[in-house]
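Engineer: Residues per chain are reported as follows:
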Amino acid sequence: MKLRTLVLFFLMFSGLQLLAQKNIEPTPQDVIDAKKLREQFPKSDVAILKSSETISFDLNKNEAKVIVNTETKEQLMNINHRADIRKYEFYDTESEIKSFSLKYRNDKNANPAVIDEMYKDNDLFYNDARVKYANLSFPIQGYSYNYEVKKQYNDVKYFTSLYFNDEHPVIEKEFSITVPTWLNLELKEFNFEGNSIKKSQSVDPETKAVTYKYTMLNVPALFQDENAPGRSYLYPHVLVIAKSFKNKENQVTLFNSTADLYKWYSSLVGQMNDDNSFFKAKVNELTANAKTDEEKIKNIYYWVQDNIRYIAFEDGIAGFKPDDSQNVFNKRYGDCKGMGNLIKQMLTLAGFDARLTWIGTKHIAYDYTTPSLAVDNHMICTLFFKGKKYFLDGTEKFNSFGEYAERIQNKEVMIENGDKFLIEKVPSVNSEFNKEIFKASLKIVDGKLEGACSRIFAGESRAQLLYRISSLKSDKKDEILERYLTDSDKNIKVNNIKNSDLKNRDQKLTMDYDIAVNNRVSDFDNEMYVDLEYMNEYKNFELKDRKTDYEFDYKTNYESNVSLAIPAGYKVTKIPENLTINENNFSVNVQFVQSESQISYKKSFIFKNGVIKANEIEKWNSFVKDLQSNYNQHIVLSKI
Amino acid sequence: MKKLLPCLLLLLCSFSYAQNKAEIKEFFWGKNDDHKNTIAVPVKWKGESAVIIFKKDYYNFHKFGKSVTYTSAVRKRIKLQDANAVQQFSEFSFAERFYTTKGFSFKRGTTTVGIKIVKAGGTEIEVDVDKEAKDIDDTKKIAIANLEVGDIIDFYYYTVEPFKSFYETGFAPVETTLGDIYPTMEMKLLFETENDFFINFNTYNGAPELKEVYNKGGDRKYELVAKDIEKNEFPIWFYPAAELPFYKFQVYFARSARFEAGAEAFLSEKESIIKKTVSKDDVFNYYNNKFKPYGDISEINAFVKSKTFASDEEKVRQVYYYTRHVYFTKYVEAFVAHETNIFYPFELYQNPVFIKNEEQFINHFMNFLKKNEINYDIIIGTARFNGPIKDLLIQNNVTLLLKVNTKNPIYLEFFSPFSSADQFNYNLENTEAYALQVSKGKKVVDAENIVLPKTTSADNVSKTTTTIALESNLTDLKINRVSSFFGHFKESEQSDKLEFYDYVNEDYAKYGTTPLMELVRNKKKKEQYQKEFAALIDKVKQRKEEELKKIVSQEFEFEIDDVDYEVKNTGRYGSNQPFSFEEKFVIKNNLVKKAGDNYIIEIGKFLTNQIDVDKKQKDRVNNVYMTFPRLFDNEFIFEIPAGYTVIGIEKLNKKVENETGKFIRTAAISGNQLNIKTVKEYKNYFEPNSNWAKMVSFLDAAYQFTQEKILLKKN
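If you're matching them up, the sequences are chains B and X in order.
Numbering-wise (numbering that gives the first Met the number 0), the first sequence opens with residue 0 and increments by one.
Numbering-wise (numbering that gives the first Met the number 0), the second sequence opens with residue 0 and increments by one.
No lab work stands behind these hints, which were simulated from the structure alone.
Among the clues, some could well be false.
[As the list claims (entries may be wrong)] Restricting the straight-line Cα-Cα distance to at most 20 Å, the calculated cross-link-like pairs of lysine to aspartate or glutamate (EDC-like) are:
hint	chain 1	residue 1	chain 2	residue 2
1	X	Lys593	B	Asp625
2	X	Lys587	B	Asp544
3	B	Lys156	B	Asp127
4	B	Lys475	X	Asp179
5	X	Lys133	B	Asp91
6	X	Lys617	B	Glu478
7	X	Lys139	B	Asp122
8	X	Lys220	X	Glu270
9	B	Lys489	X	Asp699
10	X	Lys604	B	Asp486
11	B	Lys34	X	Asp537
12	X	Lys133	B	Glu93
13	X	Lys291	X	Glu193
14	B	Lys570	X	Asp596
15	B	Lys624	X	Glu556
16	B	Lys475	X	Glu232
17	X	Lys538	B	Asp83
18	B	Lys35	X	Asp537
19	B	Lys119	X	Glu601
20	X	Lys133	B	Asp322
21	B	Lys538	X	Glu556
22	X	Lys45	B	Glu478
23	X	Lys101	X	Glu193
24	X	Lys139	B	Asp314
25	X	Lys549	B	Asp625
26	B	Lys624	X	Asp475
27	B	Lys97	B	Asp44
[Stated by the list, open to error] Per label pair, the in silico range of CB-to-CB distance:
hint	chain 1	residue 1	chain 2	residue 2	range
28	X	Lys140	B	Gly269	39 to 47 Å
29	B	Ile422	X	Lys615	32 to 40 Å
30	B	Ser487	X	Ile636	26 to 34 Å
31	X	Lys140	B	Asn429	41 to 49 Å
32	B	Ser487	X	Lys567	30 to 38 Å
33	X	Val42	B	Ile422	37 to 45 Å
34	X	Val566	B	Thr579	43 to 51 Å
35	B	Val30	X	Gln672	47 to 55 Å
36	B	Asn110	X	Ser491	37 to 45 Å
37	X	Lys615	B	Lys35	51 to 59 Å
38	X	Glu25	B	Ser427	38 to 46 Å
39	X	Lys140	B	Tyr157	40 to 48 Å
40	X	Lys567	B	Val30	32 to 40 Å
Glycine included, each C-beta is placed from N, C-alpha and C at the ideal position.
In isolation and in its complexed conformation, chain B is listed as follows:
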């Protein structure tokens, strides 16, 4: 039998809590400061009043490695009514957290429960990163905690950068880096211009070690914008490049030049044990009936795209060293390095000159003039074919041979070349290459817009759509395709859909269909009001509260050509106004042309560099308002 009444018995534990409450409440000045800061940072709950990071170096003589010690001290203050946050620190197999503490304002230990667990990332199947964190409550405005963390990096190679910005705004951020005489270290500054960062340096008279200090005031919180450029473009930071050090009278070179970086990468490649016997039969099968070399290449490249699943393991050195090609082939999965290497090995087996290639995607601002592990984040394969270099990215889906995804275009690549390496650039294409065209030839039948439509997709607009379609459940494909064409609008009905081969990535993707659109023609008295604007392209694409560039998936080029036959017995009394804008990164043209028998409605949206720059956002938003006004106009047809 269960207890009928829940009587709450509570033990008196409050003593501890009360003791802990002394002198931790904010002072009146704290509250005033917090209010001011909230005005300055209206979207933030917590501000870091001061964050000091001290970096020093030690030598692990036995392993000939440079150890990095960091000590961070922060004062966190709640600037909103109340705040509940998670304070965390990452580490991995190459680093460790020596201490992690949170104290009240009175410097007594707050002793929050500290949780230590593996870091889970949806994009990575497995990675060795771990996170240590504590949940913190700030009960009132002005409440603060002092945070202190000591962390050690076991190898300076993996200690690559220092960023001033944090998840919370930082009122005063200071880095203090002490470089001993035995260490040759370069501090390379990025994005300092436009930011007021004070620098100083001093020499310890005894040790002769040099201490570099960087201080920045009022550092805003990290931006939360979607489709933003990578952080190395957005925030001021210092890249730490450990070039060499002296160990037991020997000068040990780390990354003194790009050649050293290549040398290290190359040494990892040298540890691989590729065995092409496992996929010899597959290569034969893929190339046996190919009539040309190009067909052979395509068969191999497309087979990898279609059959090797992207599953990423970031586990210690496996984050840098490609998996052996036979493993990737046998497993039918791999990360970018594994896929790049498999393409290389298969093409090599088929008699081609294919090489591993390192690349930093568009997400990374650096090029190979900087010798650092922060420079690249991706691997592809370069094919030397008929005097030209082709870049093959196994992680792409429905990528046609010779075409390159936006994320690698115009980026530097480091191609293996024996003891040396080659630096090249992935070619860039213009937006015309990705053009998507919508065409509709409409007439008014019984109050509906009816007619034939077509859509044509090229380049990345084609690749993206083909991939989306291929990922659908077979039994839902037709239904979802129809929903796509009707934009899930009940007023739109499509019929007789005919499309090109949904597996062919080398030709333009076309879709032809009949359309009937309801509720877009209104009859009032002797007039017909026609709303041709049922696609509403970019109507709600306002970039609100945004401080960063907006990056499109690719250089977008969209064209719409809609024609409306003027019904017999009617004349056109009003057509919407035209609208044009031409800026550095976007040009839009909305145009109505009336002829005797029809109204032609043409729209084009071109984002020629695949971006709307932060300084263009105001212009873009203002244009969207005009576009909305334009879309809110109807064609008026009057009875003759």
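Keeping the supplied structure of chain B fixed, place chain X upon it in accordance with the hints.
Structural biologist: Chain X only, in chain B's frame:
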């Protein structure tokens, strides 16, 4: 030697675990596996993403004294027919060792996983799970290698949970369709039990029955086998348990008659009998000793004493709302203060009584009714999505109500902050239930079948009055909307729109009770807690503002600006009181279209999102199961700007009505106002499929209204 012993033990343990693994593998994929060579799938399912060739669900319940071993397992052999299916099965994760939540346990449960791939040519590749799995905290994760379209993936999860049961223990009930997300060629459910395990099991809607296949020395095995099952598709307004082949079961462990009596389940007479139905008598027998007038009702007594009531009915209602406060909402602040680490508040209450479940509520309320000599019954019902009461099998599916036998009976249910006397869970309305009759306010003496009252669309009303004015820029619209929700519409709206401080403070004011902070005697502490509590409320309000803006924006499907919101009546003290509030907001650059000198207003869009019955839904084959009969009464007042005339109102008048519901719209101009009224009604809880087309006719009419426009013609 001393050192050797632990090593030997360790070796023995790992040997036995490995042996178990081998046995488990044999159990699924061994010589008795009838499907080890099944590769082909029916042509009719060629276009499916995947086809389940064979699915085996396995449950085993065994004990040794108090030690229970519960084993549950599933095996699926699936043909992967497209890239989507390959993606779905490309990764597996499981907790190899875990602590069970059942009974008492110091020994961890284990999950053993086996995975193999059958290539198109018939070659089998078994995944070495131990080698391939990566540890991610307490979870193991495997990426499946060499998986391609056309392959068969064959896997099992086998979980063993050992625990000690000193009392009775119920296993989680299972209620599921035979079908899966992919079509199934064959499924088998296998049960193995012995004495002291009581099984309630039944199948419905044409699913084959569970059959005994073995019975020897107390050990019993049962099987359910079904073939050729289409994949599940759940349309809108559908209860799978009501139509699809379905089974449900629950297993209960009770070592002796004492524990059988304590079991929260309708047990069979003896373990060898599978209980397939629960009769009214079973229900009576289960409940007749469960309830008794019990609990501290001193606060209720004081309340009753301080008031005069026009009738018993009024007394019951008033006491219900008072009870909701003193045993429930009075403590909400304390829970909030505790959860948000402001302070530990519970010691501030002397003998606090917080009611947390139906049974406690009923016993307390019975105590009050008995003391006040008011007659009542206890109602045993079940939500209609569980199927009818005659198919009741699982005690968890019971919902308890009190029926107070005043002149006009009052139904009461265990409260939420928003529950009303006279109103109870709509899922029970108009369903058959059992009434346990209580003699002299004390003892359950009989049970009878009753049909619970129903509500009509006149009870459940959502009413809005929207005033729309065109701003002087002739592009923006200024909106004022007053909404009132009656009946079953109320509770979900209240819980969306109100926060704890709204109803807690209202209750304190109504009943003159003491808020939490007033209980804190230490002045300094009180000041501190008050500050922290006020900060918390300010933060919640800040979030609420954003939430409300989002709710209105979602309703219109575009961003709404300048949202202002005010509650007019919380509607918490009577089923006939509406929950009402007023919103003001601005619609910018939407719903107004320019046509030369004239303007087209998309007036229909103010009805906001309506059900859009698409081509697939039109061809519905299932009956229609809805929440409750309901009516949406909307009025739109459009202020006609000076210098313009409204054209097209004749098109706005339309009526579709039939036995399933209606959508009626009327429009008229009065002075400078265009007044449009729409009424949409769903008349019933349920419609047979034959009525679906009739429903679609008024649903389409409502959708069509959202597309209607008027013309503002310049004079």
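Engineer: Taking the hints in turn, state whether each one holds.
Structural biologist: Hint check results:
{"no.": "1", "hint": "X:Lys593 to B:Asp625", "in the structure": "13 Å, holds"}
{"no.": "2", "hint": "X:Lys587 to B:Asp544", "in the structure": "17 Å, holds"}
{"no.": "3", "hint": "B:Lys156 to B:Asp127", "in the structure": "17 Å, holds"}
{"no.": "4", "hint": "B:Lys475 to X:Asp179", "in the structure": "16 Å, holds"}
{"no.": "5", "hint": "X:Lys133 to B:Asp91", "in the structure": "16 Å, holds"}
{"no.": "6", "hint": "X:Lys617 to B:Glu478", "in the structure": "14 Å, holds"}
{"no.": "7", "hint": "X:Lys139 to B:Asp122", "in the structure": "17 Å, holds"}
{"no.": "8", "hint": "X:Lys220 to X:Glu270", "in the structure": "12 Å, holds"}
{"no.": "9", "hint": "B:Lys489 to X:Asp699", "in the structure": "10 Å, holds"}
{"no.": "10", "hint": "X:Lys604 to B:Asp486", "in the structure": "18 Å, holds"}
{"no.": "11", "hint": "B:Lys34 to X:Asp537", "in the structure": "14 Å, holds"}
{"no.": "12", "hint": "X:Lys133 to B:Glu93", "in the structure": "19 Å, holds"}
{"no.": "13", "hint": "X:Lys291 to X:Glu193", "in the structure": "35 Å, violated"}
{"no.": "14", "hint": "B:Lys570 to X:Asp596", "in the structure": "17 Å, holds"}
{"no.": "15", "hint": "B:Lys624 to X:Glu556", "in the structure": "18 Å, holds"}
{"no.": "16", "hint": "B:Lys475 to X:Glu232", "in the structure": "12 Å, holds"}
{"no.": "17", "hint": "X:Lys538 to B:Asp83", "in the structure": "10 Å, holds"}
{"no.": "18", "hint": "B:Lys35 to X:Asp537", "in the structure": "17 Å, holds"}
{"no.": "19", "hint": "B:Lys119 to X:Glu601", "in the structure": "47 Å, violated"}
{"no.": "20", "hint": "X:Lys133 to B:Asp322", "in the structure": "16 Å, holds"}
{"no.": "21", "hint": "B:Lys538 to X:Glu556", "in the structure": "13 Å, holds"}
{"no.": "22", "hint": "X:Lys45 to B:Glu478", "in the structure": "17 Å, holds"}
{"no.": "23", "hint": "X:Lys101 to X:Glu193", "in the structure": "19 Å, holds"}
{"no.": "24", "hint": "X:Lys139 to B:Asp314", "in the structure": "15 Å, holds"}
{"no.": "25", "hint": "X:Lys549 to B:Asp625", "in the structure": "25 Å, violated"}
{"no.": "26", "hint": "B:Lys624 to X:Asp475", "in the structure": "12 Å, holds"}
{"no.": "27", "hint": "B:Lys97 to B:Asp44", "in the structure": "28 Å, violated"}
{"no.": "28", "hint": "X:Lys140 to B:Gly269: 39 to 47 Å", "in the structure": "30 Å, violated"}
{"no.": "29", "hint": "B:Ile422 to X:Lys615: 32 to 40 Å", "in the structure": "55 Å, violated"}
{"no.": "30", "hint": "B:Ser487 to X:Ile636: 26 to 34 Å", "in the structure": "31 Å, holds"}
{"no.": "31", "hint": "X:Lys140 to B:Asn429: 41 to 49 Å", "in the structure": "43 Å, holds"}
{"no.": "32", "hint": "B:Ser487 to X:Lys567: 30 to 38 Å", "in the structure": "36 Å, holds"}
{"no.": "33", "hint": "X:Val42 to B:Ile422: 37 to 45 Å", "in the structure": "56 Å, violated"}
{"no.": "34", "hint": "X:Val566 to B:Thr579: 43 to 51 Å", "in the structure": "49 Å, holds"}
{"no.": "35", "hint": "B:Val30 to X:Gln672: 47 to 55 Å", "in the structure": "51 Å, holds"}
{"no.": "36", "hint": "B:Asn110 to X:Ser491: 37 to 45 Å", "in the structure": "42 Å, holds"}
{"no.": "37", "hint": "X:Lys615 to B:Lys35: 51 to 59 Å", "in the structure": "58 Å, holds"}
{"no.": "38", "hint": "X:Glu25 to B:Ser427: 38 to 46 Å", "in the structure": "60 Å, violated"}
{"no.": "39", "hint": "X:Lys140 to B:Tyr157: 40 to 48 Å", "in the structure": "24 Å, violated"}
{"no.": "40", "hint": "X:Lys567 to B:Val30: 32 to 40 Å", "in the structure": "35 Å, holds"}
Comparing the model with each numbered hint stated earlier shows that hints 13, 19, 25, 27, 28, 29, 33, 38, 39 do not hold.
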